[in-house]
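When you get a sec, could you build the whole thing from the sequences and use the hints?
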Amino acid sequence: MATQAPVSRAQQKLAATSPAVRLIGIRRTYGDVVAIDRLDLDIAESEFFTLLGPSGSGKTTTLRVIAGFEQPDEGHVELGGVDVTRVPPFERDVNTVFQDYALFPHMSVQDNVEYGLRVKGMSRRERRVKAQEVLERVRLPQVASRKPLQLSGGQRQRVALARAIVNSPSVLLLDEPLGALDLKLRQEMQVFLKALQRDLGITFVYVTHDQEEALTMSDRMAVFNEGQIEQIGSPAEVYEHPQTEFVAGFVGVSNVIERDGRRITVRPEKIHMRADDGGSGEPGVVREVVYVGMVTRYVVDLDSGGELVVIRQNLETSSQQALEDRDKRVRLDWKPEHTYEIGKEG
Amino acid sequence: MAASLDPAEGLTARPGRPLRAARLRLSGFFWRHRWAKGLLLLAPPLLAFGLVYLSSLVALFISAFWTVNPFTTDIEHIWNLGNFRTLIDSSAYRTIALRTIGIASAVTLTDAVLAFPFAYFMARVASARGRTFLFVAVLLPLWSSYLVRVYIWRLILDQDGVLNWMLNKLGLPDQHLAYTNYAVWLIFSYVWLPFMILPVYGALERIPHSFIEASRDLGAGGFATFRRVVLPLALPGVIAGSIFTFSLTLGDYVTPLLAGGASSQFIGNVVYSSVGISNDVPFAAAFATVPLLVMALYLTIARRLGAFEAM
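Protein chains in written order, with the numbering used here: chain R, 1 to 346; chain C, 1001 to 1311.
It should be emphasised that the hints constitute simulated quantities derived from the structure, not laboratory data.
Check each hint, because a few of them may be wrong.
Have a look at the derived ranges for each label pair, beta carbon to beta carbon [what the hints assert, rightly or not]:
1) R:GLU74 x C:VAL1125: 24 to 34 Å
2) R:GLU74 x C:LEU1248: 17 to 27 Å
3) R:GLN228 x C:LEU1139: 43 to 53 Å
4) R:ARG125 x C:LEU1170: 38 to 48 Å
5) R:GLN228 x C:VAL1125: 29 to 39 Å
6) R:PRO141 x C:MET1295: 39 to 49 Å
Here the structure is a predicted model, which means the values were calculated and not measured.
Don't be surprised by glycine CBs; every beta carbon is placed ideally from N, CA and C.
Given below as structure tokens:
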């Protein structure tokens, strides 16, 4: 880019070892509302990093701070070791896939994809070649001459993706890109995006409120709650070792019970349920049975207080049998290594 | 009550309410026959449009081919092209037509240039309260009579008017705009400005903010974003506004009459005097077809440029 600020040799050296994205003490408020506060985050080179949280938790604001659409009130943003806090979005080496795709309706798909290259002054022929290449990569080589409004939702989503990656950014930001797609397409796109990220080797920062999406796609993820990060870790770490009650509840099912003054959590699929035989384990009553095809979900009221969700695969049981378990007395067992003590809420 | 999917069964079950049954039957008819509903909705405006507007337009066009007996000033229903030949041959009428079109174009251009930043500010910069205030400011002049506004401009521009008084206070020389084509241009630009601001505002307001962010994200600065994204998407609004400003100026005769000079005659003024003074309705009709043709041409060009595609 012609307008890029000169980067010193020392900075370049630093860039080789520094994280792709680094946020230091970010705070952003809207009037009285604190969107994010005291946020520190390092995202490594070539990492698929997910910002997971409910709406209003500050994950999208964080993404917009990285893109440059929002100026933080406090703190610094670094991209590849260079402070870009005051650099406008059009001079940052990042690109965004917007939630509503934001495809320009007056341009063809081809012109949309070429847009970033065109404003940087690349020649028409080079643009054509690159755009065609990227459209093939997202498996849409045949729609180049169409207008965005003539495409299906899934196709638009991939054009938005192509328009961003054609610029070969060092970081790609994705703001709930699959939110508007139906379940099947969403699952296909999850696999596709993950493969694409591995293929391109660029850093993906992915915002979602869907915990399943976060668990399937991420190398690492950060769980957001009320403007702060509750936990950062790999999907397995976050799922199996939730550090707070919020994480336990948001990622997976909130299975928290209090025993002897300790708050412990155990994942529903780790619980073994059997008819009450007076043996070991927690006694309780099945309050609710929800048949969901592959599995059945039981909510059990425990005699010593609290409730637990239990998930059982429908290996041999039919829906009829599963539903007959309602109001039956049961005993729940789990291995001690599958329980985790968590801190008090807050 | 037995579950019934047939609404008619429910009706027969309540024999005491024939009015309701009739109403439901009528609703059912319109629900099944969509075209009937459309016809019913469109009938009154279509009738008015056809009778009042189109028929008078046809009458105008037909009478343009008639002529007036110079002695009796009676209209003679003899088909001829004499009126049109006069229009083409006479350099005075040619000048008047060109002046009308020229000033209408100048007014349109001026309003577009003035309205765009104003509408942009309203749509994308101003706060909700500021926007309401600006709306009132734009619309308030329309509450006063058009004539009053033209007369006020006369008071401003007159030799001993407000403008010269202010210029003198500032130690500047007098202006001599009153009763010139410049005055006509200035006043038209003023009175039609709201008709440009509102459609441009509408178009700008409809552009999602994410489009502008996407453009910036892809490396375009403010100017490139404006030229490649904002302007093309706002163009239908500008064209819609220009249809107002252009056609309103094209058909006007009051402002040139009140604020123009001896050489400020518009097509409308000729039509007015042909009908009112020389009683030559066929010639007036012939001249009135000129703005009609110009507008038709203008709309065709706008359509070709794709101005209506984004609507």
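Hint by hint, here is what the structure shows:
{"no.": "1", "hint": "R:GLU74 x C:VAL1125: 24 to 34 Å", "in the structure": "holds, 26 Å"}
{"no.": "2", "hint": "R:GLU74 x C:LEU1248: 17 to 27 Å", "in the structure": "violated, 54 Å"}
{"no.": "3", "hint": "R:GLN228 x C:LEU1139: 43 to 53 Å", "in the structure": "holds, 47 Å"}
{"no.": "4", "hint": "R:ARG125 x C:LEU1170: 38 to 48 Å", "in the structure": "violated, 59 Å"}
{"no.": "5", "hint": "R:GLN228 x C:VAL1125: 29 to 39 Å", "in the structure": "holds, 33 Å"}
{"no.": "6", "hint": "R:PRO141 x C:MET1295: 39 to 49 Å", "in the structure": "holds, 45 Å"}
Hints 2, 4, counting from the list given before, are not met by this structure.
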